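Asker: In case you want the letters, here they are:
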Amino acid sequence: MQPETRLTADMFRPVTDNFKDAEKIERPSISYRADVWRRLKLNKLAMAGLFIIIVLVIMAIIGPMISGYTYYKQDFTARNLRPSAEHWFGTDSSGRDIFTRIWYGARISLFIGVMAAFIDFVIGVIYGGISGLKGGRVDNIMMRIAEVLYSVPYLLMVILLMVIIGPGLWTIIMAMTLTGWIPMARLVRGQVLQLKEQEYVQASIALGADAKWILMKHILPNTMGLILVNVTLTVPTAIFAEATLSFLGLGIPAPRASWGTMANDALVSLLIGNAYQLFIPGFFISLTMFAFNVLGDGMRDALDPRMRK
Amino acid sequence: MENILEVRDLHISFHTYAGEVKAVRGVNFEVKKGETIGIVGESGCGKSVTAQSIMKLLPQPPAQYKQGSIMFNGQDLLKKKEKDMQKIRGNEIGMIFQDPMTSLNPTMKIGVQITESLMKHQGMFAGEAHKQAIELLKMVGIPQPDKRVNQYPHEFSGGMRQRAMIAIALACRPKLLIADEPTTALDVTIQAQILELMKELQDKTGTSIILITHDLGVVADMCDRVVVMYAGEVVETGTVDQIFYKPQHPYTKGLLKSVPRLDMNKNEPLEPIIGTPPDLLYPPIGCPFFARCEYAMEVCRNHKPALEEMGENHQAACWLHHPLAGTRREEFAQ
Amino acid sequence: MLRYTLQRLGWALLTLWVVVTLTFFLMHMIPGNPFAKEGKMPPGVYENLMNYYHLNEPLYVQYGLYVKSLLSLDFGPSLKSSTITVNDYITEGFPVSLHLGLQALVIGVTLGIIFGVIAALYHNRFPDHVSMILAIIGISVPNFILATVLIHYVSVEWGLLPAATWGTWKHTILPSLALAAMPMAFIARLLRSSMLEVLGQDYIKTAKAKGLARNVVIIKHTLRNAILPVVTVLGIIAANLVTGSFVIEHIFGIPGMGEMFVKGIFNRDYPVILGSTIFYSAILIFLIFLVDVMYTWIDPRIKVTGGSK
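Protein chains in written order, with the working numbering: chain W, 1 to 309; chain X, 310 to 643; chain S, 644 to 952.
Next comes chain W alone, as it looks inside the complex (with noise of 0.2 Å):
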């Protein structure tokens, strides 16, 4: 509200430099990467979760080094140690010490989980591109394939692919990356054919540019974020495939451990009161599962147009 004021006939007189705020815009634009980014980084949980990976890794790497005994030797005299100042996460039923195997062990599943879904990804990408690429009768054979295959149950193939061929590192992930692809190929799919059409594209087609090269130049970036989110989300499905394998004693053979081996060989503790040597791999895949989904949720949050603040 304005004061009372008088008004005089000079208030009257006409003005022309009204217009230059015409055009102006209120608020400052903002680029939609740097806008995405900025999303992502506003929600605590998923940055907790990008935190706590980060963490883990670098744990990997250094925690062996740091505890001064290896993941293998067995101690006789140390068994079943509950956590204390020289075993800090204990030892298991051999004497091992834990806190050395677990971050020996994180460095397997990690390992394991991050491959699969890059895996995952790098057949996911070409077999969905080409597919939409080539569209019309390619495009529709591949899709059948691939739904079939969908269709088979995932995890009874890989049991029983496990059971055939014999536990070992690259066999698991193998193993796993069976059919985890297709999600990721029907998503490259979907955008290939969304974004065949727009006009860039058809102009790189028209100065002759190849099948890799309209892929890697012009699909990819924008279907980025994308997969991105697809493929932050298959890690903790891998993590679990693997953890769930092992406890079915398909797992790395011993001495190496994975964290699901080593919940797998502590399931006899349970009842005997050392529940400490299950719970401890236990919480620490359910900790990664947690972070990869958190960030995996707050990266397709961020992602989508509709939640702009």
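Hints listed in this document are in silico derivations from the structure and should not be mistaken for laboratory results. Incorrect hints may appear among the rest.
[Said to hold, decoys possible] PhoX-like mimics (lysine-lysine), calculated; alpha carbons at most 25 Å apart, straight line:
(1) Lys342/X / Lys365/X
(2) Lys848/S / Lys365/X
(3) Lys484/X / Lys711/S
These numbers were taken from a predicted model, which means no experiment stands behind them.
Model the placement of chains X and S on the given structure of chain W, informed by the hints.
Answerer: Only chains X and S this time, still in chain W's reference frame:
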């Protein structure tokens, strides 16, 4: 003629992450029994917010009714509790929305969406309500109403869907119908049909209509009186003739000039109003139209003009009508 | 409609055939004779195996005959004893697993829906945050870890419920809970975002404008639209329950099919593994087919026009 609705000094704000957006800043108007008034203005001028606020449909955070009154049937709707508002909505006041594609529940039959109202407000039983629903569909001109009543929205065409929406809104014979851009999403030919239908129904039932639109052609066709809004304020009101032939506000004049007309010379350029509406996070202190006005004066910069009487039923808020306005007033009169 | 149903049935059968074939040939990739256990085999077992699998015939004949016996629902003899067949294991174990699975499904779906609706209605307020944190934990903590935690505290420390085996209804509580956690969390999250999307739709505004009471609007108008995506996800949930059941039955010592499958894996009882894999696959493929068809029945947009999604 008595007023069935009186909106006085309405102020509505939205609390957003960026701050408080003052969407409606002191709106006054009334609706008489049986008349059709049109509320026109650009996108973002507050007309839709005003319309939805009459039935208090705005979710209360983030919206806030800061000030003012909405008198309906002698009662202030802003002071009513939610339970009481539910008795009024769909019963004494009905509303139809812009997009008939998305305004109907895709998983419910059309008939059920009508009978819901009837059963709740008029206490009808299912069988009776069902019959009434068929009657209503017939009334709005939907062929084969007894078959259509059991169909789903996606089986209707756009025009038919809007007719169904009208049937739902008018089911309980409300005294007031609020139509928020009812024809914007429709083809031109269907538009004409829907407007015809609304006029017909109004004649039959005596319902008053508030028509929200940005289309002056629709206003000319349907309305008795017009309320022109800009940046959350009412800048001019009057009868259709007054507004179209003797606009007293630069904005109204600008709007009329920017509409393409059939009797224009085809080489004549269209004259849009330059610029964009102000950001209502930081609403202008003076006249809201100042930054885009051809007839701007120094006083307009920091002093807000009030709505003044220009004649019978005709009001405008502009400093041009102040006795001290000199040359600009002559320019405007041309 | 009918055409779509038949189409999906065709795909389901095709997928099942792929699974059978894949499994069969995978089994025969095992070096040596998978049907010969190391060490002594109980008498009569070898004969049964020979009769059922026709191990002396060429491979394609074996395959053909195997498919034939599957079609007559005969899953073959086990490695363990000459009198027990895989069919016996199935008929004994399946009802138990079914009970467990259904119980977990009901708990998971019911609670998931409740939490999802509450979270959506109290969007960004306390109940929403609580529900969502619980949900994230639910999808991040593997079911076997949850199971062991439950056993440790509820059974061992507090002695409230039995830890193992299967007998009274009390025995079913902990395993069902452990199995239901993941589906519940998944559904809660999905339903929440689905509800939020529906609540923002115009037709909800219309419903409010008709003066309908809040509860009516929510349940009648919102939920029936929001529940659709949840239906599509039931297939994945079922798969999850199946694979989860292996681990849960194993931990709790429940004599269901899952436990039998796990034992078969440990013992490398290939006929059992083979038979179970196919049986489970058949169930899952069939369930997914059911869910697909059910969805077209529920969504009127598809039901009436008869098109496929």
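Asker: Taking only the CA atoms, is the gap from Lys848/S to Lys365/X under or equal to 25 Å?
Answerer: With Cα atoms ~11 Å apart, Lys848/S and Lys365/X stay inside 25 Å; holds.
Asker: Would the pair Lys484/X and Lys711/S pass a check requiring their Cα atoms to be no farther apart than 25 Å?
Answerer: Status violated; Cα separation ~74 Å.
Asker: Taken at face value, is the distance from the CA of Lys365/X to the CA of Lys342/X at most 25 Å?
Answerer: Satisfied, since the Cα-Cα distance of roughly 21 Å is no more than 25 Å.
Violated hint for the displayed structure: number 3, the only one.
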